[in-house]
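Novice: Sequences are here, hints too, so could you generate the full structure?
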Amino acid sequence: MRTPIPFRGEGKRLLPLAPSFLALALAIALFLPIQQGACAEALPASYDYYFGNLHSHTSYSDGVLTPSDAFKHARDAARMDFHAVTDHGYYMQEATNLHHWFMALEEADRFYAPGRFVTLIGYEWTFTDGHINGFDTSRAASRDTQRSVPEFFEFLAEHSGIGMFNHPNYGIQPNWNDFEYSGLGDAHISLLEVGSGPYRHNIRNERAYRRALDRGWHIGATSDQDNHRADWGTAAPTRTCIIATELTREAVLAAMRGMHTYATEDSNVRVFFSSGESVMGDEIVIDPKALMAGEPLEFRVYVSDPDAADHLELVQIVASGGEVVWESELGQAPPHATGAIGGAYETVVTLAPRSSYNWYYLRAVQGDDDVIVTSPIWVTTGSGIAVCDFAPADAVVREGLSTRVKAEIVNRNKGAIDRVKAVLYETGESGRRAVSSQCVDLTGWAGTDIWFDWTPTAPGEARLQLELVLPGREVPELFQAAPILARGAGITRVLIDEGHNNRYSGYMDGLIALLAASDYSPEIGEHAIAPEVLAGTDILVVNLPEIGFALTPTSFEQIELEAIA
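Count along the sequence shown from 1, add 410, and you get the number used in the working numbering.
Worth flagging that the hints you see were computed from the coordinates, not collected in a lab.
Using N, Cα and C, we set each Cβ at its ideal position, and we do this for glycine too.
Incorrect hints may appear among the rest.
Stated by the list, open to error - With beta-carbon atoms standing in for the labels, derived distance ranges: (1) S456 - R557: 39 to 47 Å; (2) V879 - A523: 50 to 58 Å; (3) T837 - F966: 42 to 50 Å; (4) R557 - A940: 42 to 50 Å; (5) A940 - A567: 51 to 59 Å; (6) A523 - S558: 35 to 43 Å; (7) D778 - A940: 54 to 62 Å.
Specialist: What follows is the structure, given as structure tokens:
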């Protein structure tokens, strides 16, 4: 039996340990080059890859057969290392079905074989805001008892459970108020289904994953099947891979809490993403002065598939805001001219953090279009402050015209922080100029919106920075907005009328985006049309009355028609 060594992150968001001789030797070993085509595992010697499924159902809720059937199929037919049965919690709290919870636990114990196959019993808490799986609690939660998302978070906290955001598809659910940050929830929600079933193809939820990360959540990546038929693990090759010390319940649950996971559409690809001693799921705390100085970090990338036909086409590192900050060059030189890697691909990437709060995850694409997404590595200054939605409110900003700039400041600390000085800067070739400043009080474990007025002084690319001066911290926290294109004053202005019971709330987003990308300046008009409203307007778009809603169309008043004429 291998002797385990300490692994940072067996509890959620633990910081790297101080390096010992063994850890230093391990870190050096991790950066030694390996021969292309070798099958090295690129893991610390006491860890291994384990593949399984964390979302499935049986007849104990709205699926078929029993947990025993599910475990047997997952073990023998799908050849998985672990499998979780997560029947709907509201079935488990009905008087006639309460015994199913205890039966499921007993069945899981019968099929549990440490070192060979790990069985887990969880439950799916269903609610209009979104569904969440719960694990490692003594009983199941139910929408009939925990009647809101905050109540479910309180249940997880009370039972020290593990949560997983399920199938966060924007087309079918509001995704927990668009992943509104909750410190209590973040302390116990450790995972998100970047891929989800139950269909025979994987439904990708990477956009939702990035959104949750941007809003301050610390969550890892999974890919599960949501089985409702007798196809546990065989509905698709999608898997959640867990990196753990051993194949036991305790080790698997610890890896889930620590987010040492990745989501894969390939059933056996091995991926490792690390920086020094820290691996996917860990947080690296850097000195704020190192951030200001632009000091870089090295990230180690490793991808290996034992199947010769599964060649690698693309490897990326995706960072905060969804920006691809590094991409492989597999097609540019031998032996990667065809994308074939003959065993293992490994490289070291140097990146300099841009803000006081950053996340990075590895994304790989194979030749058959299978996608692998890892849990992130966070790089922060340790303040517990994140910033998202840092951008102008207008789809198009124009030279010489004032626009509103929003930023959501997420305080991941439990305690409030008062009198934070927030300064908006514009940077360019001529240096950095302060645009505006204000003081803001930050609620604990929550996000706070702030707004600034900004007037671009010239057309072209503009860059904004937000500096936060926290009480008691010597160096300010720094956050960067994505580059902004300021258009010239002569850009064509388009006004879309929605002030006559003809609004198409949300449906105009595509048109607005198209106009903005085509060098127009679109705006929504929600009020009566008057000369001052039309001032500077080149094109007026009048919508028809909204279909399917009990709105009475209104006519244009004579004064409005005269203004249009």
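Novice: T837 and F966, beta-carbon distance inside 42 to 50 Å?
Specialist: At 46 Å between Cβs, range holds.
Novice: Does the Cβ distance between A940 and A567 fall inside 51 to 59 Å?
Specialist: holds (54 Å)
Novice: Per the hint of 42 to 50 Å, is the separation of the Cβ atoms of R557 and A940 within bounds?
Specialist: holds (47 Å)
Novice: Can you let me know if the beta-carbon spacing of V879 and A523 is within 50 to 58 Å?
Specialist: Taking Cβ atoms as reference, V879 and A523 lie about 56 Å apart, which means the hint holds.
Novice: Assuming the hint says 54 to 62 Å, is it satisfied by the Cβ distance from D778 to A940 or not?
Specialist: holds (59 Å)
Novice: Holds or violated: 39 to 47 Å for the Cβ distance of S456 and R557?
Specialist: holds (44 Å)
Novice: That 35 to 43 Å hint for A523 and S558 (C-beta), does it hold up?
Specialist: holds (39 Å)
Going down the numbered hints, you'll see the structure goes against none, and every one checks out.
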